[in-house]
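Taken in sequence, the protein lines are chains A, B and C. Residue numbers for the first sequence, in our numbering: 4 to 283. Residue numbers for the second sequence, in our numbering: -11 to 417. Residue numbers for the third sequence, in our numbering: 134 to 430.
Bear in mind the hints are in silico, worked out from the structure with no lab data behind them. Ideal placement from N, C-alpha and C gives every residue a C-beta, glycine not left out. There could be a bad hint or two in this list.
[To be verified] Now the stretches of chain C that chain B is said to cover, found in silico as 3 or more residues with beta-carbon under 8 Å:
hint: 1; stretch: 184 to 191
hint: 2; stretch: 195 to 209
hint: 3; stretch: 286 to 297
hint: 4; stretch: 373 to 385
[Stated by the list, open to error] As a list, the in silico EDC-like pairs of lysine to aspartate or glutamate whose alpha-carbon atoms are at most 16 Å apart:
hint: 5; chain 1: B; residue 1: K304; chain 2: B; residue 2: E98
hint: 6; chain 1: B; residue 1: K312; chain 2: B; residue 2: D327
hint: 7; chain 1: C; residue 1: K267; chain 2: B; residue 2: D241
hint: 8; chain 1: A; residue 1: K245; chain 2: B; residue 2: E62
hint: 9; chain 1: A; residue 1: K54; chain 2: C; residue 2: D273
hint: 10; chain 1: C; residue 1: K186; chain 2: B; residue 2: E98
hint: 11; chain 1: C; residue 1: K288; chain 2: C; residue 2: D273
hint: 12; chain 1: C; residue 1: K209; chain 2: B; residue 2: D384
hint: 13; chain 1: B; residue 1: K151; chain 2: B; residue 2: D178
hint: 14; chain 1: C; residue 1: K196; chain 2: B; residue 2: D410
One-letter residues, chain by chain:
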Amino acid sequence: MVNDTKKKSRIGHVVIYIFLAITTFISIFPFYFMFISGSNTNKDILSNPPKLSFGPYLAENFKMLSERMDILLTTYNTLFVSIVYTLLAVFIYSAAGYILAKFNFVGRTVIFGFIMLSMMIPTQVLYVPWFKMMIGAGMTDSHWGVILPMLANSFGVFLMRQNMLSFPTALIEAARIDGSTETRTFFSIVLPNVKPALGALVIYMFTSMWNNFMWPLIILGSKTKYTFPVALAMLDGNPTNKNYAVIMLATSIATLPILIIFLIFQKQFVAGVMGGSVKE
Amino acid sequence: MKKKVLLIFTLLMVSMTAFTACSKEEGSKENENEKVTLTVWSWDVALKQLEASAERFKETNPDVEFVFEEMGTEQIYAKLSTGLATGDGLGDIITLEGEQLSGYASNYPEGFLELNDIVKKDDFLPVKMGEVTVNGKVYGFPWDAGPIAMFYRTDYFEQAGVKAEEIITWEDFIEAGKKVAATCTTPSGDPVMMLPIAPTSTNFYRMLLLQLGQGFFDAEGNTILNTDASVKALNLEKKIFDSGIALSYNGWDEYEGTVANESVATIPEAVWMIGTIKDKAPQTSGKWGVMNMPAFSSGENHGATNGGSLLAINAKTKNAEMAKKFVEFAMTDEQLLVDGFTNYGLYPSYMPVYSNAVFAQGDEFFGGQKVYQTFIEIGKVIPTINYTENFAEALDTVGSSVTKVLLQDADVQETVDKLQSDLVSKFGK
Amino acid sequence: MKRGKGETKSLWRRLNSLKNFPYFLIAPTVIIFVVFMVYPIVYSLILSFQEFKHGTYSFVGLKNYIVLFKDPIFYKALMNTFFYLIVQVPIMIGLALIIAVFVEEKHVKGKAFWRTSIFLPSITALVAYALVFKVLFNGDYGLINYVISALGGDKVQWFYSKWPARFSIIISITWRWTGYNMIILLAGLQAIPESVYESAAIDGAGFWKKLTYITVPMVKPILLFTTITSTIGTLQLFDEPYVLTQGGPDYATITIGQYLYNNGFVYMNFGYASAIGYVMVFIIGILSVLQFKIKDN
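Using the sequences and the accompanying hints, generate a full structural model.
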């Protein structure tokens, strides 16, 4: 009887490992395919079966790509909008989250209620008005035009509020009794103690802007201002003369930075999704 | 912690100033530069041709700098539909497909520069003048035209015992196609089909419709998709598709593949297909001919057109005069147009160049046939049709109707009636 | 100079008073949401009663809505979006739950590795991964078709026939988002006290019993959270059909978000696009209320 259960659970273990291995393979394979395809030719990719190992054409593809897309400038553009957006968002949302979680003031329910409700507004609805506003402000075809409207991100506020809720109120009150000003309390007591949440917010904001496609596509006109997703779509848009190797190389270059950041900060990434921490 | 916050703020400030500095730099650059800079949006061979034109233009206008940006058509249109409201971030000179101009020009009448003064109406093929004229004003400079003829494989025809000159009507064409499909095989051993058809695209239907002298809209912009001509065209497409002589394909890659793999005996396509055929199937040199399109057994038989582009100038350009000068030069200089034609198959719509010896030459790839004369004749009988601001949307919807008829066996009459009423409800006319 | 200093000081003090402080800190958020959320919502409502033609906007009353309710493509987009919702969301959440439970199993080694690699897809840009899938799904040369034909099946024209096109999009979204939901569920699973499982094990409960009687009920709130966020995400679906199928063939894969985009930014019917947006808001509102009602029960 005991043996039987053991055997059963051993089979169960094997099943679990096989399942996880397959899922992991499916999750990782497209990345592998993308990276190796960037070093092959268009013909290698469009053959039966496609070539599945690294090829010698990386330099050549890179040269072709740099003729059609300014890689450095695109990287700078994407970094710029992502970093500025993230910095602004972190400051604004952590302040908002703190206030919404720890203070009682007139209008709190209305403000928080509206922010929660606006999570349900499909972003596409906002594009037309945003676009007209940006025309009015003379901010079309500018990076600020990409950044500013995107700051109305309800999930970011929500994430910070949830994290601030669990911050011990006693600490804040103790600081007040010690004569610390409200500003000081916020900057030197509250913020340092919610570092994991801040890390999570940073990563959430950064990736969402790095990967943002539709709004930059609408607002950015000049090639010199494109971010990666827009530049990639442009590269793919030419129906004749399509070179998938070059496209895959460009995709790899666009994915690499975020992949590296992810591997370095994976704990915060994972924690960031829920705003809570995941144990080992 | 305070330090870190400070650091974040400093970083923020630095990046902000860096940004303003950047944008200032751009501004000052233009000021200190006495040279005029023209940004040109184009794609593919058109881009290459414009680059060559720019080199020639600079010989006499050394103060002009050109910036060329390669963009696909979809991207250009995505930018135009929003960017034309302000003109910000658009190129100075923009290439468009002929049929697309009317949508942008009628929605944004202030978006493009009027070119009435430099486009001389009688110099261009009437069909192109139709494309560039929107509400009585000329908003684009006509470039290449796409008169359609039937490319055919002389070797396959011979093998099947089919004679090109005996194919007069589409009925003849279908019969000949059956013979070809029964007798010929491709180098890889598959049966040869008579022609390629994309069941999810409107190309073949629009071509047939044009042969009957109409487009999607009448001169007043009313939708006319349930006319007899429309039913006739769609019925014929379905008949050809169902008769087992068509090779179904999807997308440009596969279209090229039908040529490269030698799997079709004919291709009804515009003159620019010459370039693709030579490029993708060099092994078939000498095995091609060009004939007139088969006719509908009764009714009118006009020429048809597919593709062909034009140049438009952003109304907010800082260098309107120079842009106009360049466009006029690139689009009317005989040597440039001839080069564009021989190098890239850009078939000019500027009629004065037709007298050039190049167009009277025979082509070895086509067994010495004087193919260009055929296209010149067809070019003159293409009907002028109205595109209107609703063309892009109608094109999508028509495409879905064609798909329904060809792939889902929908009734032709019902489908076009529904198409007509849906579009009338949407466009209000 | 002195006076200025005094002013800043009193401003500083005023800012720091318990009464004022919250307003100062919440102000940026309020301003941003008023400017970029409240105003556009009102604006697009007004826009939805207007028509853009020949460079000007004119008031047309309910016309856009009337046309919309007769627009067959809108219904197609609606049906497609609901199809994705009904088929894709349950598959994905179910898969995410199973993976999370497996990774959380006590004896499973290399938890961090499995977690990280399965989460990996959700960091990719939508455009980037859609491009990779476009190549993998290619009808003639795609690896997926190669595997299918190697296994003895027929090649599938993924992007050119109705159902395969829809499934190509479902497969792509599932690949992109399963890991993300898995992590969320993982956080929920870890909150379940070990003792609950232990006592269940003593009672002789097997794997499935534990899953259905303990795990699922305990993570119910988190399941609801993932379902709601996935629902909102699916209703706004745009990038994948835009890159993979352009909404075709015959509008078989078009989503509401994409139809809105086409009308506004391709056909330049900004008023009509706003009307679509408003109908969308209405639908999302109803769905959210429904889902919360279910939760209350």
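Structure-based check of all given hints:
1. A stretch counts as covered by a chain when three or more of its residues have a beta carbon under 8 Å from one of that chain; for the stretch 184 to 191 of chain C and chain B the count is 4, and the coverage holds.
2. Judged by the Cβ-Cβ criterion of 8 Å, the stretch 195 to 209 of chain C is covered by chain B as claimed, because 5 of its residues qualify and three suffice.
3. Counting residues of the stretch 286 to 297 of chain C whose beta-carbon sits less than 8 Å from any beta-carbon of chain B gives 4, enough to reach three: the coverage restraint holds.
4. Here's how the stretch 373 to 385 of chain C fares: 4 of its residues keep a CB closer than 8 Å to some CB of chain B, so the rule of at least three is met and the hint holds.
5. Only pairs whose Cα atoms come within 16 Å are accepted, and K304/B paired with E98/B is accepted, the gap being roughly 9 Å.
6. The suggested pairing of K312/B with D327/B is violated, with an alpha-carbon distance near 21 Å, which exceeds 16 Å.
7. For the hint pairing K267/C with D241/B, the CA-to-CA distance comes to about 14 Å; that is within 16 Å, so the pair holds.
8. Restraint check for K245/A and E62/B: satisfied, since their Cα atoms lie roughly 14 Å apart, inside the 16 Å limit.
9. Among the hinted pairs, K54/A with D273/C is consistent with the structure: their alpha-carbon atoms are about 14 Å apart, no more than 16 Å.
10. Proposed proximity of K186/C and E98/B is supported: the alpha carbons are some 12 Å apart, at most 16 Å.
11. Annotation: proposed proximity of K288/C to D273/C holds, straight-line Cα distance about 8 Å (limit 16 Å).
12. At roughly 14 Å between alpha-carbon atoms, K209/C and D384/B fall within 16 Å of each other, so this suggested pair holds.
13. Simply put, K151/B and D178/B have alpha-carbon atoms about 22 Å apart, too far for the 16 Å limit, and the pair is violated.
14. For the given pair, K196/C sits about 15 Å from D410/B by alpha-carbon distance, which is consistent with the 16 Å threshold.
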